[in-house]
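**Q** Here is how the chains run, residue by residue.
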Amino acid sequence: MASHGIPRPATTAHRTEQQLQEEQLQIQEYRDLEDLIRTKIAERQYTLEVLQLTSKLLKKNPEYYTIWNDRRRLLIYGLFSESSDSSSSSKEPSSSSPTVTTSTSSEGVSSSAVSTAENLTTTLHDPPSRNRGKSGTILDLIKGELEFLFPIMIKFPKCYWLWNYRLWILQQANERLDPDIARDLWNRELILVGKMLVKDSRNFHGWGYRRMVVTQLESQELHGKSMVESEFEYTTKVIHGLNGLSNFSAWHRRSKLIPTLLDQRGADDATRQQFLEDEFDLIISAMYTDSYPYAQSAWFYYQFLMTTVTDYVGHATITPNWTQEDRVVFVTRQLAVLGDMLDGAEDCKWVYDALIEYTLALCQMEEREPLPDEKTDCQSWLMELRKLDHLRSGRWDDLEISLEKR
Amino acid sequence: MSLVSGPGRAASSALPDEIQLAIEPHVKYIQSLDSRRNELEYWLTEHLRLSGLYWGLTALHLLGRPDALSRDETIEFILSCQNENGGFGAAPGHDAHLLSTLSAVQVLATVDALDELDERGKGDKEGGGKLAVGKYIANLQNRETGTFAGDEWGEEDTRFLYASLNALSLLLLLHLVNVNKAVDYVVSCANFDGGYGVSPGAESHSGQIFACLAALNIAGRIDLVNVDKLGRWLSERQVDGGGLNGRPEKLEDVCYSWWVASSLTMIGKLHWIDGGKLTEFILKCQDTKQGGIADRPGDMVDVFHTHFGIAGLSLLGYPGLEEVDAVYCMPKKVIERVLGPNK
Numbered sequence: 001m002a003s004h005g006i007p008r009p010a011t012t013a014h015r016t017e018q019q020l021q022e023e024q025l026q027i028q029e030y031r032d033l034e035d036l037i038r039t040k041i042a043e044r045q046y047t048l049e050v051l052q053l054t055s056k057l058l059k060k061n062p063e064y065y066t067i068w069n070d071r072r073r074l075l076i077y078g079l080f081s082e083s084s085d086s087s088s089s090s091k092e093p094s095s096s097s098p099t100v101t102t103s104t105s106s107e108g109v110s111s112s113a114v115s116t117a118e119n120l121t122t123t124l125h126d127p128p129s130r131n132r133g134k135s136g137t138i139l140d141l142i143k144g145e146l147e148f149l150f151p152i153m154i155k156f157p158k159c160y161w162l163w164n165y166r167l168w169i170l171q172q173a174n175e176r177l178d179p180d181i182a183r184d185l186w187n188r189e190l191i192l193v194g195k196m197l198v199k200d201s202r203n204f205h206g207w208g209y210r211r212m213v214v215t216q217l218e219s220q221e222l223h224g225k226s227m228v229e230s231e232f233e234y235t236t237k238v239i240h241g242l243n244g245l246s247n248f249s250a251w252h253r254r255s256k257l258i259p260t261l262l263d264q265r266g267a268d269d270a271t272r273q274q275f276l277e278d279e280f281d282l283i284i285s286a287m288y289t290d291s292y293p294y295a296q297s298a299w300f301y302y303q304f305l306m307t308t309v310t311d312y313v314g315h316a317t318i319t320p321n322w323t324q325e326d327r328v329v330f331v332t333r334q335l336a337v338l339g340d341m342l343d344g345a346e347d348c349k350w351v352y353d354a355l356i357e358y359t360l361a362l363c364q365m366e367e368r369e370p371l372p373d374e375k376t377d378c379q380s381w382l383m384e385l386r387k388l389d390h391l392r393s394g395r396w397d398d399l400e401i402s403l404e405k406r
Numbered sequence: 001m002s003l004v005s006g007p008g009r010a011a012s013s014a015l016p017d018e019i020q021l022a023i024e025p026h027v028k029y030i031q032s033l034d035s036r037r038n039e040l041e042y043w044l045t046e047h048l049r050l051s052g053l054y055w056g057l058t059a060l061h062l063l064g065r066p067d068a069l070s071r072d073e074t075i076e077f078i079l080s081c082q083n084e085n086g087g088f089g090a091a092p093g094h095d096a097h098l099l100s101t102l103s104a105v106q107v108l109a110t111v112d113a114l115d116e117l118d119e120r121g122k123g124d125k126e127g128g129g130k131l132a133v134g135k136y137i138a139n140l141q142n143r144e145t146g147t148f149a150g151d152e153w154g155e156e157d158t159r160f161l162y163a164s165l166n167a168l169s170l171l172l173l174l175h176l177v178n179v180n181k182a183v184d185y186v187v188s189c190a191n192f193d194g195g196y197g198v199s200p201g202a203e204s205h206s207g208q209i210f211a212c213l214a215a216l217n218i219a220g221r222i223d224l225v226n227v228d229k230l231g232r233w234l235s236e237r238q239v240d241g242g243g244l245n246g247r248p249e250k251l252e253d254v255c256y257s258w259w260v261a262s263s264l265t266m267i268g269k270l271h272w273i274d275g276g277k278l279t280e281f282i283l284k285c286q287d288t289k290q291g292g293i294a295d296r297p298g299d300m301v302d303v304f305h306t307h308f309g310i311a312g313l314s315l316l317g318y319p320g321l322e323e324v325d326a327v328y329c330m331p332k333k334v335i336e337r338v339l340g341p342n343k
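Heads up: the sequence lines are chains A and B, in that order. Reminder that position 244 of the first sequence reads as 244 in this note's numbering, one-by-one numbering, no gaps. Reminder that position 318 of the second sequence reads as 318 in this note's numbering, one-by-one numbering, no gaps.
With the rest of the complex left out, here is chain A (with noise of 0.2 angstroms):
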C-alpha cells in the first residue's frame, strides 16, 4: 500500500527458501478466511462466527472496507435483529409480534426499514426473558464493536475506514437505543479521542471525530447542550501543553469556536474587547516565551485575529460593533508591537511579513494610498524578507510589483 515514512532497512538480503515458503503459507491461510468469509456472506449466514471471522481478517487488514461492509450487514440484517434489548423495548410499544426473521430480511431494504424490523422484534410484549437473544443485547453488541476496534485504531490511527465504522457503529446506538445509553456511549468517547490526541496531537482524523462527537453530545436527540465553554477550555489546554504552540490544528479548532461562544455568553462590547485583548496577550506572549517567534502555527492564528478587525465583513467577528475608528486605533497599536517585536527577532521573516500585510490593511481601511514614510517601510521589509526567504521569491517579486503600483 501506500507507505508512509517507512524506512526500508538497510540490508536487502534474499530471502531463504523457507522464509518464501512461509509467506505463500501466510498468503494461504488469508485468502482462504477471505473466501470463507465471501462465501458465508453470500449465503446470508449472517452469525456470530462469522462476525468472528470477519474480526479476525480485520485485525490483519483494517483497509478491507468491503469485510468492514460485511460486518455492517452482519449485524444490521442478522445479529442486531436476533437480540433484543430491554433499553430499546419503550421505543415501539405498538406491535407484538416478532415475525421478521434475518432468513427473509433482504438486503434492498432501507435503513429505515430495517430499524421498523428492529423494533418489531423488541417490543414491550416480550416477555423479560426474550430480552437478551443469543448473541446478547443490542447493546453488549455495540459495546463488543467499540471494544474490538479500540486496539485497532491504536495501531492504525489514520485508516479512515476505521473511524467511519466507529462513527457508524455509535450511529447504531442513536438509532436503536435508549438516548441516555447512547448518550453515554458518545461520552466514552470524547474520553477515547482525547486519549488519541495525546498520542498525535495533530491527527487530522480525531480531531474531526472530535468535532463530531461534540455535535451528537449537543444534539437535542440526546438530550445535550452546547459544549461549546468546554471545547474552549480544551483547545487552552491543548495549547498550553507539549508543543502547543505550533499546534494549528488546536489554534483552528479555537478560531471556530470563539464566535459561539461570546454570542452564548451575551457578551457586551467591552468583554468582547477584552477578550480580543486577552486572545492577543496569549499568542503574542506564547511567541516570546515558547520557541520565539518562528512558529508558523501562531503566526495562522495571528492572522486570524487581525482579520476578525480588518477585514471583518462576511467573516468571524469577535467585535462587531466596532467604529472604523476602533478598528484604526487597534492595528496601529499592532503594528508598533510588531516593530517591538523584531528587537531581538531580526531573523523572523513572519515578523516583516505581518508588519508588511498590516500597514497595507491599515491604508485600505482608511481608503488611502501609502504614505512616503510607510512606502519606504514595507519596501524595507520586503528587503529582508527577501534575504531571509529564498524560497518564496516569487511571491516577494508580487508583493514588489503590488507596492510599486501605489
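It is possible that part of the hints are untrue.
Said to hold, decoys possible - Quick list of the computed label-pair ranges, beta carbon to beta carbon:
| id | chain 1 | residue 1 | chain 2 | residue 2 | range |
| --- | --- | --- | --- | --- | --- |
| 1 | A | Asp184 | B | Asp184 | 54 to 64 angstroms |
| 2 | B | Glu144 | A | Ser226 | 19 to 29 angstroms |
| 3 | B | Leu224 | A | Tyr288 | 49 to 59 angstroms |
| 4 | B | Lys28 | A | His240 | 33 to 43 angstroms |
| 5 | B | Asn180 | A | Val313 | 22 to 32 angstroms |
| 6 | B | Gly268 | A | Glu366 | 28 to 38 angstroms |
| 7 | A | Asp200 | B | Glu119 | 41 to 51 angstroms |
| 8 | A | Asp200 | B | Pro92 | 33 to 43 angstroms |
| 9 | A | Ser226 | B | Val187 | 19 to 29 angstroms |
| 10 | B | Asp67 | A | Glu22 | 30 to 40 angstroms |
| 11 | B | Asp124 | A | Ser226 | 48 to 58 angstroms |
To be verified - Derived lysine-lysine pairs resembling DSS-like cross-links, with alpha carbons at most 27 angstroms apart:
| id | chain 1 | residue 1 | chain 2 | residue 2 |
| --- | --- | --- | --- | --- |
| 12 | A | Lys60 | A | Lys199 |
| 13 | B | Lys122 | A | Lys40 |
| 14 | A | Lys237 | B | Lys122 |
| 15 | B | Lys250 | A | Lys199 |
| 16 | A | Lys349 | B | Lys277 |
| 17 | A | Lys349 | B | Lys250 |
| 18 | A | Lys387 | B | Lys277 |
| 19 | A | Lys405 | B | Lys229 |
| 20 | B | Lys229 | A | Lys387 |
| 21 | B | Lys122 | A | Lys387 |
| 22 | B | Lys250 | A | Lys195 |
| 23 | B | Lys269 | A | Lys375 |
| 24 | B | Lys269 | A | Lys349 |
| 25 | B | Lys269 | A | Lys405 |
| 26 | B | Lys229 | A | Lys349 |
| 27 | B | Lys250 | A | Lys155 |
| 28 | A | Lys375 | B | Lys229 |
| 29 | B | Lys269 | A | Lys158 |
Everything labelled a hint here was simulated from the structure, so no lab data went into it. Here the structure is a predicted model, which means the values were calculated and not measured. Glycine included, every Cβ here is placed at the ideal spot set by N, Cα and C.
Using the hints provided, position chain B relative to the given structure of chain A.
**A** Below, chain B alone, put in the same frame as chain A:
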C-alpha cells in the same frame, strides 16, 4: 497493479549535482507491480487495486510510455470491478465505492474506452452504460447539503464531492447532480486562512484544498476562492529541504508535491514556491536503479508516491514529460480529447 511498497528504496545520502528522472526504471517498476502475487502485501492491498491501476497508468502516460501496460487487459480489469449498482469496487468482488468508481472512469477515459461502458457495462436497472455509472454517483449526493457520501454507508468528505464532479464531468453527465449546491457546500468549508477542510469547521488541509479547488474549477466557480490568502498559506507548505507538507509544521511528503502544487497552479500562483528546489526533492525520493518514488528520501517506494511525484514534476515543467492537467490529474491531452480544448 499492486500497491506493494518496495522493493526499491529512495536514495538517502549524497547525490550527484545533476540528478535525472530515472524514466526507464520507473516504467519497469510500474510494469512489474502485477507480477508480485507471491508477496503477502500484494493480497493485503487488494482494496486499492483499481486506484493503483490509475496511479500506475497515469504515471506511464506522463512518462511518455502510454503503451507500457496492455490496453485490453486494462479494460478487462476495469469492467470486472463493476457492481450491479453501476459503481466500481477496488477489485472484482469488492463493494462499489466512489473513489474506485472515479479511478475506473479516469482509466477508461485515459485509454479512450469510455464507450466500452455502453457496450459492456453493468447496472441495467439504472439504464446501463455510462448512465448507470452516473446514476450511482448522483445517488450519493446529499440533496440537503450538496456534499457527497463515499458509498451507501454514508461517510461524507469533500474528497467525495470532488470525485463525483470529476467522474461525472468526464462522463458528460454533470447535469445529474445539483452542482450549485455542491459549490455552496465547498464555500461553507472555507477557513479564515483561505483553505478548505473535510467539512464545515474542519482544519485546512492541502489534500482537501486540492479537492475543493478542483471541484470549484469543474463547476466554473474558481472566482469564489480567496486567492491571496490561500496562495500565501499554500506557499508556506514548502520547507527548507524543498519538499511540501500538507499542514503547518508537519513533515514534507512527495504526495503533497501534487496536492499543493496543483492547487497553486489552479489559482495561478505556482511561482510562489521554489520549483527547482521541489524538483530536486522529488528526484531525491527516487530509487534510480529499481524504479519508484518514496514519500521521503530513504523510504520505501510505492506506486502512489511514484504517480504523484511524476505528476508534480510534470506540473513543474520537467523536460520530456507529458503535460498533466491540474484539475483532473490526468494527461492534458486526454482531458482535451474528452472535454474539448476549451474545457
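**Q** Indicate, hint by hint, whether the structure satisfies it.
**A** Okay, the hints, checked on the actual structure:
1. Between Asp184 of chain A and Asp184 of chain B the beta carbon distance is about 36 angstroms. The supplied range of 54 to 64 angstroms is therefore violated.
2. A hinted range of 19 to 29 angstroms holds for the C-beta pair Glu144 of chain B and Ser226 of chain A, which are about 23 angstroms apart.
3. A beta carbon spacing of about 38 angstroms between Leu224 of chain B and Tyr288 of chain A contradicts the range 49 to 59 angstroms that was offered as a hint.
4. The given range of 33 to 43 angstroms is broken by Lys28 of chain B and His240 of chain A, whose C-beta atoms sit roughly 53 angstroms from each other.
5. For the pair Asn180 of chain B and Val313 of chain A, the beta carbons lie near 23 angstroms from each other, so the given range of 22 to 32 angstroms is met.
6. At about 29 angstroms, the beta-carbon gap between Gly268 of chain B and Glu366 of chain A stays in the expected band of 28 to 38 angstroms.
7. Remark: the range hint 41 to 51 angstroms for Asp200 of chain A to Glu119 of chain B is upheld by a beta-carbon distance near 49 angstroms.
8. Checked against the hint of 33 to 43 angstroms, the C-beta distance between Asp200 of chain A and Pro92 of chain B comes to roughly 36 angstroms, which is consistent with it.
9. Taken as a hint, the range 19 to 29 angstroms holds for the pair Ser226 of chain A and Val187 of chain B, whose Cβ atoms sit roughly 25 angstroms apart.
10. Distance hint check: the CB atoms of Asp67 of chain B and Glu22 of chain A are about 38 angstroms apart, consistent with the given range 30 to 40 angstroms.
11. As the Cβ distance of Asp124 of chain B to Ser226 of chain A is approximately 50 angstroms, the hint placing it in 48 to 58 angstroms holds.
12. For the proposed pair Lys60 of chain A and Lys199 of chain A, the alpha carbon gap of about 22 angstroms is at most 27 angstroms, so the pair holds.
13. Between Lys122 of chain B and Lys40 of chain A the alpha-carbon distance is near 24 angstroms, which keeps this suggested pair within the 27 angstroms criterion.
14. Between Lys237 of chain A and Lys122 of chain B, the direct Cα distance comes to roughly 54 angstroms. Violation of the 27 angstroms bound is thereby established for this hinted pair.
15. Between Lys250 of chain B and Lys199 of chain A the alpha-carbon distance is near 16 angstroms, which keeps this suggested pair within the 27 angstroms criterion.
16. In summary, the hint linking Lys349 of chain A to Lys277 of chain B is supported, as the alpha carbons are separated by about 19 angstroms, within the 27 angstroms threshold.
17. Simply put, Lys349 of chain A and Lys250 of chain B have alpha-carbon atoms about 19 angstroms apart, close enough for the 27 angstroms limit, and the pair holds.
18. For a cut-off of 27 angstroms, the pair hint linking Lys387 of chain A to Lys277 of chain B stands: about 17 angstroms separates their Cα positions.
19. A threshold of 27 angstroms between alpha carbons decides the hint, and for Lys405 of chain A with Lys229 of chain B the separation of about 20 angstroms falls inside it, so the pair holds.
20. Taking the CA atoms of Lys229 of chain B and Lys387 of chain A, the gap is near 22 angstroms; set against the 27 angstroms cutoff, the hint holds.
21. Restraint check for Lys122 of chain B and Lys387 of chain A: not satisfied, since their Cα atoms lie roughly 61 angstroms apart, outside the 27 angstroms limit.
22. A distance of roughly 20 angstroms separates the Cα atoms of Lys250 of chain B and Lys195 of chain A; the hinted pair therefore holds under the 27 angstroms criterion.
23. Proximity of Lys269 of chain B to Lys375 of chain A is assessed by CA-CA distance (about 24 angstroms); at most 27 angstroms being required, the pair is judged to hold.
24. The straight-line distance between the Cα atoms of Lys269 of chain B and Lys349 of chain A is roughly 20 angstroms, inside the 27 angstroms bound, and the hint therefore holds.
25. For the proposed pair Lys269 of chain B and Lys405 of chain A, the alpha carbon gap of about 19 angstroms is at most 27 angstroms, so the pair holds.
26. Of the pairs offered as hints, the one joining Lys229 of chain B and Lys349 of chain A holds, with about 17 angstroms between alpha carbons and a cut-off of 27 angstroms not exceeded.
27. Between the alpha carbons of Lys250 of chain B and Lys155 of chain A the distance comes to roughly 20 angstroms, so the proposed pair stays at or under 27 angstroms and holds.
28. Between Lys375 of chain A and Lys229 of chain B the alpha-carbon distance is near 21 angstroms, which keeps this suggested pair within the 27 angstroms criterion.
29. Our distance criterion of 27 angstroms between C-alpha atoms is broken by Lys269 of chain B and Lys158 of chain A, whose separation comes to about 31 angstroms.
Hint check: violations occur at hints 1, 3, 4, 14, 21, 29; the rest are consistent with the structure.
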